[in-house]
Structures are given as structure tokens and as C-alpha cells.
Amino acid sequence: KQEVTQIPAALSVPEGENLVLNCSFTDSAIYNLQWFRQDPGKGLTSLLLIQSSQREQTSGRLNASLDKSSGRSTLYIAASQPGDSATYLCAAQGGSEKLVFGKGTKLTVNP
Amino acid sequence: GAVVSQHPSRVICKSGTSVKIECRSLDFQATTMFWYRQFPKQSLMLMATSNEGSKATYEQGVEKDKFLINHASLTLSTLTVTSAHPEDSSFYICSAYPPGVRREKLFFGSGTQLSVL
Chain U
1 KQEVTQIPAA
11 LSVPEGENLV
21 LNCSFTDSAI
31 YNLQWFRQDP
41 GKGLTSLLLI
51 QSSQREQTSG
61 RLNASLDKSS
71 GRSTLYIAAS
81 QPGDSATYLC
91 AAQGGSEKLV
101 FGKGTKLTVN
111 P
Chain R
1 GAVVSQHPSR
11 VICKSGTSVK
21 IECRSLDFQA
31 TTMFWYRQFP
41 KQSLMLMATS
51 NEGSKATYEQ
61 GVEKDKFLIN
71 HASLTLSTLT
81 VTSAHPEDSS
91 FYICSAYPPG
101 VRREKLFFGS
111 GTQLSVL
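Protein chains in written order, with our numbering: chain U, 1 to 111; chain R, 1 to 117.
Since the hints were derived computationally from the structure, they do not count as laboratory data.
Backbone N, C-alpha and C fix where the C-beta goes; we use that ideal spot for every residue, glycine too.
Check before you lean on any hint, since a few could be wrong.
To be verified - Simulated coverage check for chain R against chain U, where a stretch passes if three residues somewhere in it have a Cβ under 8 Å from a Cβ of chain U:
1) 42 to 51
2) 105 to 116
What the hints assert, rightly or not - Label pairs and their in silico Cβ distance ranges:
3) R:Phe-39 - U:Asn-22: 15 to 25 Å
4) U:Ser-28 - R:Ile-12: 34 to 44 Å
5) R:Ser-15 - U:Gln-54: 18 to 28 Å
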């Protein structure tokens with residue numbers, strides 16, 4: 001059974017700082033690894049999707065990497081801004097299309 | 001991009017009543033939709049997979065008689081929480097993917113916060 005863990009559970013940084021969010025998964029037989037953003041009481045916004053055959057994906061100030069063999073993924077946020085404050089979720093998708101989510105990392109970027 | 005609409009966004013009800021949540025794919029047809037539930041400070045957990053024209057598939061531990069799912073058309077799936085109790089208070093969210101696209105890109109509704117008094 002796939003289990004996804006995110007560390008840290010919460011992170012508070014000053015504006016402008018570069019930061020890394022970590023995600024680990026127990027079953028390396030994944031179809032892809034996705035990162036989402038969740039704002040309080042709202043739905044999910046897809047940020048990045050890394051196929052199992054890929055090593056990383058980039059979108060603007062965001063960069064996500066994937067190491068299947070070690071069961072790890074990282075989300076790198078460059079030059080953080082207060083608007084980046086949200087909960088970031090990673091999710092592993094297996095062959096059944098089901099997404100298994102981590103509990104998330106709550107990020108606060110202080111102006 | 002594809003849009004998934006979910007209503008209502010928030011509902012407060014008395015214990016024992018039933019609550020219906022709608023999930024619509026606005027610009028694509030979805031033969032499959034997924035329903036998730038999230039308790040405070042917990043991860044999103046898949047409850048069931050909704051299949052158009054057939055019975056939903058429920059995850060282990062989810063009561064199918066309590067959480068009724070109807071996927072009557074290619075653009076609408078509904079989740080009805082029957083005889084809701086305070087322990088059913090949670091954030092419910094649906095997702096779907098457009099046909100013809102590799103089943104990797106799920107689009108999510110905005111979620112429904114259910115509070116049962």
C-alpha cells in the first residue's frame with residue numbers, strides 16, 4: 001500500500017528566501033508524481049506533474065525533482081513571495097489512476 | 001484548461017439530514033470521477049470512484065450505503081451523505097480528467113466544506 005509523507009509539516013520563511021519541500025513515497029512503482037497547491041477551504045491547483053520516466057519539471061519559480069529509486073521528490077521554490085503562502089501537497093499516482101496524497105506542508109512567507 | 005465545478009462550496013446541516021454535493025465537468029465529458037475526503041490536518045483520502053452508467057467503486061472502509069454516488073451523465077456526479085452525523089464533517093472534493101488525455105492530469109473541483117451540527 002502506497003504511503004506518502006511530507007516534511008516539514010509547516011514552514012515559515014521571510015520573503016525572498018529559496019526553499020525546498022520534501023515528499024517521500026514507499027512504493028516506487030508510480031505512474032507519476034504531482035505537486036498541488038491548496039488554499040484554505042479551496043480546491044487544488046495543479047503545479048507540476050513529473051512522469052515516472054522524468055527527473056524534473058520546471059514552471060516559473062517552481063522546480064520539482066523525482067528520484068524513483070529512493071522514493072523521493074522535492075519541490076523547490078525560488079525567491080518566495082507572500083502570495084506563495086498555502087499548503088503544498090504531493091501525490092503519487094499508480095496504475096489505477098488513484099492519487100495517494102501526503103498530508104501537506106503548510107508554507108507561510110512573511111513580508 | 002478543463003474545468004470541474006463543485007457545489008455547494010459550504011454546507012451546514014443538522015445531524016440526521018442528508019446532503020447532496022454535485023460535481024460537474026463543464027467543458028468535457030468524464031466517464032470517471034473521483035471523490036476525496038479530507039479531515040483537518042489529514043491528507044486527502046480517496047473515498048470512491050464514480051463511473052458513468054454503472055455502480056461506483058468504494059475504497060475500503062467507506063460505507064456505500066451512507067455515501068451514495070450517482071454518475072447519471074457524462075458531466076455530472078453526485079455524492080449524497082445520508083443521515084449525516086458530526087463525524088461526517090469534513091472537506092469533500094471531486095476530480096475528473098478529460099477523455100483522450102492520458103490519465104495523469106486530474107482536474108479538481110473547489111471542494112465542499114460540510115459541517116454537521
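Consistency of the hints with the structure:
Only when three residues or more bring their CB closer than 8 Å to a CB of chain U does the claim for the region 42 to 51 of chain R stand; here the count is 6, and the claim holds. Requiring three or more residues with a Cβ within less than 8 Å of a Cβ of chain U, the coverage given for the region 105 to 116 of chain R holds, as 8 such residues are present. Between Phe-39 of chain R and Asn-22 of chain U the C-beta distance comes to about 23 Å, which sits within the given range of 15 to 25 Å. Between Ser-28 of chain U and Ile-12 of chain R the Cβ separation comes to about 43 Å, which falls inside the hinted range of 34 to 44 Å.
A beta carbon spacing of about 48 Å between Ser-15 of chain R and Gln-54 of chain U contradicts the range 18 to 28 Å that was offered as a hint.
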